[in-house]
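Protein chains: 2
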Amino acid sequence: MNNPLNLILRTAIFLCLMLSLTVSAQTDEETLKTIYKTSLTNGKSYEWLDYLSNTIGGRLSGSTNAELAVQYTKAELEKLGLDKVWLQPVMVPKWVRGQKEMAYFETSGALNKVNICALGGSIATPNGGVKASVLEVGSYKDLEKLGEEKIKGKIVFINRALQADLIHTFEAYGGCSVERYRGAAEAAKYGALGTIVRSLSSRQDDYPHTGSMGYGDLPVEQRIPSAAISTNDAVKLSEALKKDKNLEFFFEMSCQQFDDVESYNVIGQITGSEFPDEYIVVGGHLDSWDLGDGAHDDGAGVVQSMDVLRLLKESGVKPKRSIRVVLFMNEENGLRGGRKYAEVANEKNEKHVFALESDSGGFTPRGFSFDCSDLMLSKIQAWKPLFKPYLIHFFEEGYSGADIRPLKNDDIVLAGLRPDSQRYFDHHHAANDTFEHVNKRELELGAATMTSLVFLMDKYGTQTITNEKKLKD
Amino acid sequence: MNNPLNLILRTAIFLCLMLSLTVSAQTDEETLKTIYKTSLTNGKSYEWLDYLSNTIGGRLSGSTNAELAVQYTKAELEKLGLDKVWLQPVMVPKWVRGQKEMAYFETSGALNKVNICALGGSIATPNGGVKASVLEVGSYKDLEKLGEEKIKGKIVFINRALQADLIHTFEAYGGCSVERYRGAAEAAKYGALGTIVRSLSSRQDDYPHTGSMGYGDLPVEQRIPSAAISTNDAVKLSEALKKDKNLEFFFEMSCQQFDDVESYNVIGQITGSEFPDEYIVVGGHLDSWDLGDGAHDDGAGVVQSMDVLRLLKESGVKPKRSIRVVLFMNEENGLRGGRKYAEVANEKNEKHVFALESDSGGFTPRGFSFDCSDLMLSKIQAWKPLFKPYLIHFFEEGYSGADIRPLKNDDIVLAGLRPDSQRYFDHHHAANDTFEHVNKRELELGAATMTSLVFLMDKYGTQTITNEKKLKD
Chain G
1 MNNPLNLILR TAIFLCLMLS LTVSAQTDEE TLKTIYKTSL TNGKSYEWLD
51 YLSNTIGGRL SGSTNAELAV QYTKAELEKL GLDKVWLQPV MVPKWVRGQK
101 EMAYFETSGA LNKVNICALG GSIATPNGGV KASVLEVGSY KDLEKLGEEK
151 IKGKIVFINR ALQADLIHTF EAYGGCSVER YRGAAEAAKY GALGTIVRSL
201 SSRQDDYPHT GSMGYGDLPV EQRIPSAAIS TNDAVKLSEA LKKDKNLEFF
251 FEMSCQQFDD VESYNVIGQI TGSEFPDEYI VVGGHLDSWD LGDGAHDDGA
301 GVVQSMDVLR LLKESGVKPK RSIRVVLFMN EENGLRGGRK YAEVANEKNE
351 KHVFALESDS GGFTPRGFSF DCSDLMLSKI QAWKPLFKPY LIHFFEEGYS
401 GADIRPLKND DIVLAGLRPD SQRYFDHHHA ANDTFEHVNK RELELGAATM
451 TSLVFLMDKY GTQTITNEKK LKD
Chain H
1 MNNPLNLILR TAIFLCLMLS LTVSAQTDEE TLKTIYKTSL TNGKSYEWLD
51 YLSNTIGGRL SGSTNAELAV QYTKAELEKL GLDKVWLQPV MVPKWVRGQK
101 EMAYFETSGA LNKVNICALG GSIATPNGGV KASVLEVGSY KDLEKLGEEK
151 IKGKIVFINR ALQADLIHTF EAYGGCSVER YRGAAEAAKY GALGTIVRSL
201 SSRQDDYPHT GSMGYGDLPV EQRIPSAAIS TNDAVKLSEA LKKDKNLEFF
251 FEMSCQQFDD VESYNVIGQI TGSEFPDEYI VVGGHLDSWD LGDGAHDDGA
301 GVVQSMDVLR LLKESGVKPK RSIRVVLFMN EENGLRGGRK YAEVANEKNE
351 KHVFALESDS GGFTPRGFSF DCSDLMLSKI QAWKPLFKPY LIHFFEEGYS
401 GADIRPLKND DIVLAGLRPD SQRYFDHHHA ANDTFEHVNK RELELGAATM
451 TSLVFLMDKY GTQTITNEKK LKD
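Protein chains in written order, with the UniProt record's numbering: chain G, 1 to 473; chain H, 1 to 473.
Pulled out of the complex, with its shape left as it was, chain G reads as follows (with noise of 0.2 Å):
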């Protein structure tokens, strides 16, 4: 075998394939370098995002601004020139939160003004309120050993911290929000007449923050209105309650829920040049909470990911596949849009090979978390070196974003945007989820990020995939 022809042909294979490798190497690099480029000084996203904001406001589902949102988007996705875009029907709760809530408490003949706002989902507090003595508790767990005969009659307050020594928020927020979600129903079982839960923020100030809570199969007449109770109140009240526990809290709220009504996910698509019936999707949720503008949460998802297949256009990229943005109608409270999207899909046997959600906000992008096999994920790591330039460093396995969670199945690749997530929960559901706390680089990188994986999952992944699949079956 050591014949010089041999080793001429064998160097030439090598020198070709190394070619090869470096020629598609660089291409990508270049590919990237136009995107993040194209984003950083003609994005779109910014100038979304500020229409959405500041003209729209608060989007949650079943409201009037969820539908003008609905039209805003679909006629600038209808601008881009793309090859279609749709509305799809689904039926999402509304629930409306009435009046701007009223609370205190009362020391020493002295009322002290709280903040406080309903959680989306709750009653209303019987009309003039409800007036009780205070049980404070550090989770709700505490409360079946507590029992009805110290709850009964009373508002329970669950005072319970994010853990600041978490480095990802949001491992903080999940460690906390059951409290916020089923505090009322576990109290109520024990005959307390309401619930004060501790703001799910990273920080103190004096924003109430929102965010969905539920009865389970309570009864009607067993649910006890529910709210949330600013960081800096919260320590008020547990100092007040030291120095005198039969201290009385007054609440007020007039929320209430309606009938479903009919809203719309807003779906744009770039038709695959040769495999139009794999889709990848990028998406994030139109909704919000009412209480800001929702321009962290969701608005930057909402908008980046309108600006992915925007930005791949005007990069020069041709998708294989068709690339869908799906901007999801109630992620908020009942994450109907996400379970119709894959209904629909399932339906029609639409095969999806990717699926993308931006909803940490819109901070600096820090990477990727997957949810794909150990060795999809190996594979996608690979690519990390093309992102280095853009001090993008993180793809690990993790959780992907609540509206394409449904989509999952043993073949798709489900991946969430892990933008820097250290003030998150300063905004998150909150009345100071406003625009000017977005930054417009930052948002921009992250559509980057978010377009380059995107190129990358079309040109590589898929492929890989249905290799990997082959080689199973």
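The hints are simulated quantities; they were obtained by calculation from the structure and are not laboratory data.
Among these hints, one or two may not hold up.
[To be verified] Restricting the straight-line Cα-Cα distance to at most 30 Å, the calculated cross-link-like pairs of lysine-lysine (DSS-like) are:
1) 44(H) / 318(H)
2) 388(G) / 37(H)
3) 384(G) / 44(H)
4) 37(H) / 141(G)
5) 236(G) / 37(H)
6) 44(G) / 243(H)
7) 242(G) / 37(H)
8) 379(H) / 379(G)
9) 384(H) / 33(G)
10) 384(G) / 388(H)
11) 379(G) / 384(H)
12) 379(G) / 388(H)
13) 242(H) / 37(G)
Got chain G; can you put chain H on it based on the hints?
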């Protein structure tokens, strides 16, 4: 050599080695965990910054506020139970802004007010201001081609925007800062009456950004006033000039340079247990520009550096070498503090082995840039896994910091903390560099990251340097 005893012995040695390595690695991991936890749950940096920003405010060299900051930080360091706290006298320039600047341009009879601020070191306009037609250029480098004929009697408007597609905003700033520094001196050579420089900001808004400028060896009588204009107004002025190139611009400033005054570097020290005569410096600069309260530039670096010594103590670390926090005076418009510290260190023949500066804002830390040998850098990079849980990933060759650079020699390792840079130049040197734009967790993560590197450098780094030196000698 194949006798069983020998094999057993070698295995035993190998196992002991592995064991000691494992124990050592665990200990470092645990120490970093303690440091981060302490900073996030019991840090002092944010409280100190609150006082420095909100109670004291902007701290321009030579001002009363700068002296208040010297007294405050000295008193706070004295509370920490360090081995030594002292003031190091240094003469600093004293430049005073005077009355708020005023500027407008006239278009077809309409008066368009614009936001400007004097650049630090500029002379005042003549009493009553300067009014002249405007010559817009993209850079001071264009002036030579244009020549005296086109420049004389005009106000030169240098309208160079930061390059948006550079990912590291410091690179974009570095590209433009020469326009601010040299613009007036160059324009004066050709008879201009003043210069207006586009603010070195990453975003479009109404804040003018100051910063230092210099006249070089230009005779006093030839010097002209120089101001920064907000990015929004730079765009407006440029648009207006397209329509009417003869429009007139007016500006008035009353800034003034006084004689140098005495001020201080503030220094605190934990004396090393094994090598007390080897010094590690961690620092930021205590002075700031006067428009905002200097929270990011460089209040953040000051309080983080102070907390490094406190966090070491709180985490039970007893440094082998002497660790000094140095709060440098006059980084912004003279660098006298940094030069003085190095001068005294040289006089005393103090052996400095490592210096770390935080002067890039109190944003989420991403890592460090290092000014040291390649070999040393590769040894430091081997610590990257220790920092991974804290999302610290950037360990690259690069600039350290202005204040510590005078310490540079062949043996010292210089490093700069590298926080996320996307928002820095939105605030830098402007009225919106204020406390509310600093996030507590981001600031505390920075302090913990600095403390961790100081801990590792004290424990291992300088040993490595010494060994390398011995090999070279």
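Verification of the hints:
1. 44(H) / 318(H): Roughly 20 Å separates the two Cα atoms, so the pair holds.
2. 388(G) / 37(H): holds, 28 Å
3. 384(G) / 44(H): Violated - the C-alpha atoms of residue 44(H) and residue 384(G) are around 36 Å apart, more than 30 Å.
4. 37(H) / 141(G): holds, 26 Å
5. 236(G) / 37(H): Given pair residue 236(G), residue 37(H) holds - Cα atoms ~25 Å apart, limit 30 Å.
6. 44(G) / 243(H): Given that 30 Å is the threshold and the Cα spacing comes to 28 Å, the pair holds.
7. 242(G) / 37(H): Status holds; Cα separation ~27 Å.
8. 379(H) / 379(G): With Cα atoms ~28 Å apart, residue 379(H) and residue 379(G) stay inside 30 Å; holds.
9. 384(H) / 33(G): holds, 26 Å
10. 384(G) / 388(H): holds, 15 Å
11. 379(G) / 384(H): Since the Cα atoms of residue 379(G) and residue 384(H) sit roughly 22 Å apart, the hinted pair holds (cutoff 30 Å).
12. 379(G) / 388(H): holds, 20 Å
13. 242(H) / 37(G): It holds: about 27 Å lies between the C-alpha atoms, which stays within 30 Å.
Taken one by one, the earlier hints fail for this structure only at number 3.
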